[in-house]
Amino acid sequence: MMPELGLYCIILAVLVSLLQSLLPLRGAARHDSGFIQAGRRLAYAQFGLVTAAFLTLMYCHVTDDFSVMNVALNSHTTKPLIYKISGTWASHEGSMLLWVFILSLCGALMARGITRDVTDIHSLIRARAVGVQGLMGFGFLCFILFTSNPFARVWPAPENGHDMNPLLQDPGLAFHPPFLYIGYVGFSAAFALAAALLLTREAKAEDLRLLRPWVLAAWSSLTFGIAMGSWWAYYELGWGGYWFWDPVENAALMPWLAGTALVHSLTAAFRRGALMRWTILLSILCFSLSLLGTFLVRSGVLTSVHSFAVDPARGVFILSLLALAVCGALTLYGMRADKLPESNLFSPLSREGAMLANNLFLCTACATLITGTLYPLLLNVITGGIISVGAPYFNSTVLPLLIPVAALMVIGPFLDWTEQRPGQLLRILMPSLTLAGATILLTLYVQGFHSVFGLVGFGLGIWLLAGTAQDGLRFKANLMPQLPRLLAHGGLALSILGMAGSCFSTEQNLSMQVGDRAMAGAYRLSFLSTQDAEGDNYSATRGLFQIEKDDQPIATMQPEQRLYTIQGMPLSHVAIDTTAMGDLYLALGEAERDDAGHIRYAVRFHVNPLTVWIWIGGAVMAAGGLSGVGQHLRRSRTK
Amino acid sequence: MKPLSKKQARLYGLLLFLAGLATATTLVLNALGSNISYFRTPTEVVTGVIPEKQNGRGFRLGGLVEKGSLSHEGTRIRFRVTDMKNSLMVTYDGTVPDLFREGQGVVAEGRINASGVFEATQLLAKHDEKYQPPEVTKALRDAGHPDAVAPAESTTKP
Numbered sequence: 001m002m003p004e005l006g007l008y009c010i011i012l013a014v015l016v017s018l019l020q021s022l023l024p025l026r027g028a029a030r031h032d033s034g035f036i037q038a039g040r041r042l043a044y045a046q047f048g049l050v051t052a053a054f055l056t057l058m059y060c061h062v063t064d065d066f067s068v069m070n071v072a073l074n075s076h077t078t079k080p081l082i083y084k085i086s087g088t089w090a091s092h093e094g095s096m097l098l099w100v101f102i103l104s105l106c107g108a109l110m111a112r113g114i115t116r117d118v119t120d121i122h123s124l125i126r127a128r129a130v131g132v133q134g135l136m137g138f139g140f141l142c143f144i145l146f147t148s149n150p151f152a153r154v155w156p157a158p159e160n161g162h163d164m165n166p167l168l169q170d171p172g173l174a175f176h177p178p179f180l181y182i183g184y185v186g187f188s189a190a191f192a193l194a195a196a197l198l199l200t201r202e203a204k205a206e207d208l209r210l211l212r213p214w215v216l217a218a219w220s221s222l223t224f225g226i227a228m229g230s231w232w233a234y235y236e237l238g239w240g241g242y243w244f245w246d247p248v249e250n251a252a253l254m255p256w257l258a259g260t261a262l263v264h265s266l267t268a269a270f271r272r273g274a275l276m277r278w279t280i281l282l283s284i285l286c287f288s289l290s291l292l293g294t295f296l297v298r299s300g301v302l303t304s305v306h307s308f309a310v311d312p313a314r315g316v317f318i319l320s321l322l323a324l325a326v327c328g329a330l331t332l333y334g335m336r337a338d339k340l341p342e343s344n345l346f347s348p349l350s351r352e353g354a355m356l357a358n359n360l361f362l363c364t365a366c367a368t369l370i371t372g373t374l375y376p377l378l379l380n381v382i383t384g385g386i387i388s389v390g391a392p393y394f395n396s397t398v399l400p401l402l403i404p405v406a407a408l409m410v411i412g413p414f415l416d417w418t419e420q421r422p423g424q425l426l427r428i429l430m431p432s433l434t435l436a437g438a439t440i441l442l443t444l445y446v447q448g449f450h451s452v453f454g455l456v457g458f459g460l461g462i463w464l465l466a467g468t469a470q471d472g473l474r475f476k477a478n479l480m481p482q483l484p485r486l487l488a489h490g491g492l493a494l495s496i497l498g499m500a501g502s503c504f505s506t507e508q509n510l511s512m513q514v515g516d517r518a519m520a521g522a523y524r525l526s527f528l529s530t531q532d533a534e535g536d537n538y539s540a541t542r543g544l545f546q547i548e549k550d551d552q553p554i555a556t557m558q559p560e561q562r563l564y565t566i567q568g569m570p571l572s573h574v575a576i577d578t579t580a581m582g583d584l585y586l587a588l589g590e591a592e593r594d595d596a597g598h599i600r601y602a603v604r605f606h607v608n609p610l611t612v613w614i615w616i617g618g619a620v621m622a623a624g625g626l627s628g629v630g631q632h633l634r635r636s637r638t639k
Numbered sequence: 001m002k003p004l005s006k007k008q009a010r011l012y013g014l015l016l017f018l019a020g021l022a023t024a025t026t027l028v029l030n031a032l033g034s035n036i037s038y039f040r041t042p043t044e045v046v047t048g049v050i051p052e053k054q055n056g057r058g059f060r061l062g063g064l065v066e067k068g069s070l071s072h073e074g075t076r077i078r079f080r081v082t083d084m085k086n087s088l089m090v091t092y093d094g095t096v097p098d099l100f101r102e103g104q105g106v107v108a109e110g111r112i113n114a115s116g117v118f119e120a121t122q123l124l125a126k127h128d129e130k131y132q133p134p135e136v137t138k139a140l141r142d143a144g145h146p147d148a149v150a151p152a153e154s155t156t157k158p
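Heads up: the sequence lines are chains A and B, in that order.
Using this note's numbering, the final residue of the first sequence is 639, and nothing's skipped along the way.
Using this note's numbering, the final residue of the second sequence is 158, and nothing's skipped along the way.
Worth flagging that the hints you see were computed from the coordinates, not collected in a lab.
As the structure is a computational prediction, the values presented were derived from the model and not from experiment.
Treat the hints with care, since some could be wrong.
Subject to a maximum C-alpha distance of 35 Å in a straight line, what follows is the list of computed DSBU-like cross-link-like pairs (lysine-lysine) [what the hints assert, rightly or not]: (1) K6(B) <-> K339(A); (2) K53(B) <-> K138(B); (3) K53(B) <-> K85(B); (4) K204(A) <-> K7(B); (5) K67(B) <-> K138(B); (6) K339(A) <-> K204(A); (7) K85(B) <-> K138(B); (8) K476(A) <-> K204(A); (9) K204(A) <-> K6(B); (10) K67(B) <-> K53(B); (11) K67(B) <-> K85(B); (12) K7(B) <-> K339(A).
Make a model of the complete structure from these sequences and hints.
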């Protein structure tokens with residue numbers, strides 16, 4: 001009964017979204033309040049229906065209704081409750097429902113800003129945006145209904161489910177998809193507003209301000225989601241790395257780079273009336289990249305834990321949606337872009353100039369990232385050869401392009417709008433530059449010439465941190481309005497330092513038996529004992545290790561080798577000892593009996609300097625974006 | 001510096017854009033040329049002439065871990081990768097992925113040494129009991145084992 005109710009809600013939502021895509025657009029064109037108000041209520045209705053469907057699926061997961069295929073394939077009675085809840089979006093069907101849920105939430109929030117006054121231009125723009133979002137909702141709801149019904153039944157209902165992939169049974173990952181999706185889908189609001197601005201003849205540069213809370217919220221959430229995913233990869237996959245340039249990671253990084261560019265060009269656009277057309281175009285591209293990411297991850301053209309099933313129909317459907325959205329929006333842009341008001345001019349050495357340069361570099365980095373990610377797919381289609389583009393490609397193309405971006409982040413905030421004298425600038429930058437140079441020399445002295453990225457990273461990170469501190473000190477009394485920028489820039493500085501630190505990480509592979517002691521670099525590992533441990537749906541061998549440095553015990557670590565009993569899947573659960581200066585990271589491999597009959601374990605020990613700052617930095621950046629959203633909301637409320 | 005006129009802005013913009021494009025294209029082509037690795041099956045390596053044998057470049061080798069071929073020496077392991085037709089000796093130093101087993105699919109990254117042994121720098125096993133790396137499926141299918149075709153999925157990381 002409940003699953004059918006959920007399906008019924010989706011069918012109703014399809015119809016509602018179709019109306020939502022027609023009425024408000026017509027209402028805005030004719031300044032007809034009735035149609036506009038209908039659009040507002042339809043957006044609420046769509047949100048209500050999709051929420052009901054989403055909650056129904058969650059209910060099916062929590063109550064172990066294995067007659068629902070989606071639950072049977074992804075759940076099990078012994079699975080802990082938190083993963084039953086997160087299981088709602090851990091499958092292909094569920095994650096698409098989450099996608100549409102967030103889309104309809106954006107639509108409803110957008111609709112809240114619609115007033116009864118038909119001469120209120122912001123209200124008209126929002127009404128049109130609600131229409132565009134209705135259209136997108138229609139496309140994706142049809143996708144769910146026709147290719148990925150989460151409520152499909154299975155008959156006869158199985159006794160119990162297949163359980164979820166143990167790699168996904170992790171608190172970090174349980175809430176990674178919602179954040180990532182709020183990021184992806186949040187850009188749909190910017191897309192819809194950009195289309196609405198193109199449709200509104202009376203639009204002025206200041207109206208671009210409407211995009212700001214959406215872009216900032218989406219960017220913050222995406223930042224947080226990516227950081228969370230990378231943290232998960234770090235401790236759950238147990239390889240000691242935090243970023244692998246995997247196609248699916250790249251799929252999230254593409255809209256992030258474009259979104260970062262958008263945050264900056266948007267500021268130049270609504271504050272100074274510069275770069276307007278570019279900002280509109282970038283809003284369209286940014287959401288297109290989110291759609292491309294969804295396509296890459298959900299269509300099964302990429303092989304990974306995220307691509308749940310290979311069903312060509314789904315890939316073709318999402319690709320069609322992508323093509324329609326991109327072609328439609330670009331056509332609209334082509335037809336209407338010249339109707340936008342003239343952009344103001346600026347000197348190359350000015351705040352706008354720095355933002356433009358930052359946009360150029362970010363977009364070029366994004367393009368090289370797309371090239372590397374799509375090249376294997378293209379080559380496979382053309383020649384049938386299977387290749388992979390490795391991490392060295394991305395390290396040698398994307399990273400060098402991001403170095404000038406970091407430099408511009410230091411310089412930009414000190415530049416005046418419209419024009420700036422060069423002499424003054426050098427004097428301002430001198431202290432932070434000196435500090436950065438000293439850092440590089442110090443690193444060279446301590447570590448030797450070991451890693452170019454590490455050296456450059458430390459230099460840039462310190463320069464950016466010092467520059468941001470100097471930037472903030474200028475605003476002693478009135479710090480709050482600058483907070484979003486200071487936090488975002490400072491957060492990235494911390495992340496860069498963390499990444500630079502992990503360039504100096506070390507790894508040691510050992511073969512040990514209980515009672516063994518081994519040296520790994522400056523550390524001494526003592527393998528004290530093993531014991532059996534039981535979890536809800538796994539059993540484990542837990543090793544007890546003591547780590548000593550300079551004959552002082554500094555940590556006891558308990559890595560586990562788990563066996564998830566339902567799927568019969570072994571999984572190594574690493575132990576991590578985190579301090580501000582770095583992580584000790586210990587993985588216990590499988591047991592082997594050697595020739596003498598002793599049980600030996602493969603043990604891997606990493607020392608990862610400063611790694612934790614990567615994620616602290618990510619969280620600080622996200623907080624910066626959110627504080628921007630908060631300020632925007634407060635300002636519009638007091639108005 | 002004064003704000004540029006519209007014409008100047010366009011000219012500088014265009015030049016800047018072209019310069020950026022040229023730099024990026026050079027970087028990309030250069031990096032793609034030296035950083036892509038092909039996927040090879042044991043049969044291709046054993047019977048065919050693949051350029052990686054001569055130039056010592058890295059590639060990815062995929063197939064099943066041959067039953068009974070796995071041996072340990074400390075942290076170093078040796079095993080044979082097979083597509084049920086031909087097989088190749090592989091050595092690897094380090095901890096193996098959780099789902100690395102005899103008889104299961106594996107993709108090894110590395111290069112072939114002078115004595116014809118594949119020295120792996122990284123092993124990728126599947127993520128999930130249900131699935132087979134698509135490259136492995138392809139390798140088995142190429143070697144004439146249509147029944148070995150499992151639902152394709154999941155090699156590396158998310």
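Status of the hints after comparison with the structure:
1. K6(B) <-> K339(A): 17 Å, holds
2. K53(B) <-> K138(B): The given pair, whose Cα atoms are some 21 Å apart, holds under the 35 Å limit.
3. K53(B) <-> K85(B): Holds - the C-alpha atoms of K85(B) and K53(B) are around 20 Å apart, at most 35 Å.
4. K204(A) <-> K7(B): 23 Å, holds
5. K67(B) <-> K138(B): Given that 35 Å is the threshold and the Cα spacing comes to 20 Å, the pair holds.
6. K339(A) <-> K204(A): It holds: about 11 Å lies between the C-alpha atoms, which stays within 35 Å.
7. K85(B) <-> K138(B): 13 Å, holds
8. K476(A) <-> K204(A): Since the Cα atoms of K476(A) and K204(A) sit roughly 34 Å apart, the hinted pair holds (cutoff 35 Å).
9. K204(A) <-> K6(B): Given pair K204(A), K6(B) holds - Cα atoms ~20 Å apart, limit 35 Å.
10. K67(B) <-> K53(B): Given that 35 Å is the threshold and the Cα spacing comes to 26 Å, the pair holds.
11. K67(B) <-> K85(B): 14 Å, holds
12. K7(B) <-> K339(A): The given pair, whose Cα atoms are some 19 Å apart, holds under the 35 Å limit.
Comparing the model with each numbered hint stated earlier shows that all of them hold.
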